[in-house]
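Peer 1: Sequence order for the protein chains is W and D. Residue numbers 149 to 539, in the working numbering, belong to the letters of the first sequence in order. Residue numbers 2 to 289, in the working numbering, belong to the letters of the second sequence in order.
Be a bit skeptical, because a hint or two may be false.
Which residues of chain D face chain W? A partial, calculated answer using Cβ under 7 Å [claimed, not checked]:
1) Leu83
2) Leu89
3) Ile96
4) Pro259
5) Leu274
6) Pro277
These are calculated hints, taken from the structure and not from any lab test. Even for Gly, the Cβ is constructed at its ideal location relative to N, Cα and C.
This is what each chain is made of:
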Amino acid sequence: MKSIRISKIKFKDFINYALVLALMAYGLILFASGSLRPSTAMLLTQMGYCIILAVSLNLVVGFLGELSLGHAGFMCIGAYIGGLFAVVLKTAMPDMKFAVLVISMIVGGAVASVFGFVIGLPSLRLKGDYLAIVTLAFGEIVRNVFMNQETFGGARGLTTISLIYDTRRAPTLFVVVLAFALVMLFVIQNLIKSKHGRAITAIRDNEIAAKAMGINVTFYKLFVFIVASFFAGCAGVIYAHTTTPVLYSFFSYNYSIEILVMVVLGGMGSITGSIVSAVFITYINFLLQSQLSGDLAAMRNLVYAIILIVVVIFSNAPALRDFRERYSPAALFSRFKKRDASTQTDDEAKWARVPTKIKMDAILSTDLNPGSNKSIHGDLGGHDGGKGGNK
Amino acid sequence: MITLIDGLSLGSIYALIALGYTMVYGIAKLLNFAHGDVIMVGAYAIMVTLSYSLSPWVAVVVAAILCTVLGMLIEKIAYKPLRGASPLAVLITAIGVSYFLQGAAQIIFGSQSIPVGVAWKLPAVSAINKLGVSTAAAVTLISGVIIMSILTLFIKYTKTGRAMRAVSEDRGAAMLMGVNVNGIITITFAIGSLLAAFAGMFYLLQIPNTQPTLGAMPGITAFTAAVIGGIGSIPGAMVGGILLGVVEKFCLSSPLAPYTVAIKFSLLIIILLVKPTGLLGKVSREKV
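Looking at chain W on its own, in the form it has when it is part of the complex (with noise of 0.2 Å):
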């Protein structure tokens, strides 16, 4: 990544920024005129490190192509191990909150990354299905053990009170998270952009291909798994910082799904759409938190159950391939775009894929007498001109 160019934000990319950047703006004016209210603290909060679990999810998923069901896990072992850390290290030096949070998140990411190595180790030998049951097999692992281990406070969760933030005083802990959500976004963004992106996609797209383009799949496949737990295993400390205590149980296999619903609903593969999805669903989930009480909570799951299963199915199912391309949001969009004489059109791009078409280019294209006068050729360009130049 040495030539990575600020100067060349792309629009794309821009927007991600735009996005984070307004969650912070809206909570400072918020904050500066006096209104801030613990509970919006807490949102924006989360939605910071919501965004960071779900773009780093849709790194494995989306850009590598493989399922991971163990995001909490990661998560979890963030909480856990920063969490400590950060509790021993508070007491070490009180004053320091800022030093705190920053250095804990750093070892619980570290930590989780090294987690994120030995599970994208079998992820080299299996393919698949085979790896979404590890790396589910491995959140409830790591719950398990977590649960047992009376140093992080056993069934009972860790208690991380003296490191939660008073909103009333300071906003700190939402910008600083926030801060982090565009750091990462930075990273990942530069990540899928390079050369090493591409080789990411590659894989994805197809692994013998890209092994026989030189591409070494077991380190791209590891790099991917651990930087993807090292953010999980950051969002996983700042979980830390806001809750008390750290509990085991709400690293379930039904968090991963949540996180997995993030990435579905805002589109596999789409950075922005995993950042708005996040954001949405923190908010659903908050609105429907205050609303929604005991058994009615479980509407929620339904609800996410409902979006996964119709999304998927509309943007997958074979049968709906035409549907899905005449109401993308790309071809909705070219209708309001200015027609290009040089650009193709909808009926003309679908024309061109019939192969006899091709073949009946190549044919009125051939010289049928060479050496002939030129008017001909003059003929056959300016008809191939008019098709849209198809070629």
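Given the structure of chain W, go ahead and fit chain D onto it with the hints provided.
Peer 2: Frame of chain W; chain D shown alone:
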């Protein structure tokens, strides 16, 4: 010895569930994540039927029919539109279905556990109980073995079973030979869900409480069992299920009891690392 028999009986429950996973995977090439929750539905069906003070036999029949229909319905709604799509997409819908069933059960019945009626209790058989084995464990073990043998014979000798094997071997070729592939997939789901209903029944015999998340842990464990045995392989599912059942019971009776879950799943990771296709799985070479 008693632990071993307990383990075998738990293992045969896992094996029944794992058979559902492995058959569906072998034939439809998808991981039916919702399978564990079909068990839960079966258990609830038994509980509800019994609460109308009907006989346990009626309850079992109701549960079996309900689960079979549910399995076919899930296949029609959630999986069939995605035939030919990427496996990742299908896996995610499967997770969605599982989530849906759990959520629905929680809304209808609440999240607390509901005890099953007194009618759901096996009489004490002194000959077995004297050995220290509960009647439930014995019944589970014996019927588990019977069901598995029937299934093996069915797959091996009936026309449908032959068609199922053909589809799992090569779907395209089976279709060309006149096998109704869609029909076979539906039948597979039906059989898998029927096995899940039986598994739910045996589960209730051992733990007579229903809960919306009841299917999750046995489901994931059985799934692990299917993967350990080599997913897609029917004897593999049986071996894997019984292995995990025995390991679980031995862990629970040892000082390592709190780490049972971790041990079960570590076993999976270790076996997959050593033999990525599972114990009895076939090695398939991937072509471009």
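Peer 1: Compare the structure with each hint and give your call.
Peer 2: Here is what the structure says about each hint:
no. : hint   : result
1   : Leu83  : holds, 6 Å
2   : Leu89  : holds, 6 Å
3   : Ile96  : holds, 6 Å
4   : Pro259 : holds, 4 Å
5   : Leu274 : holds, 6 Å
6   : Pro277 : holds, 5 Å
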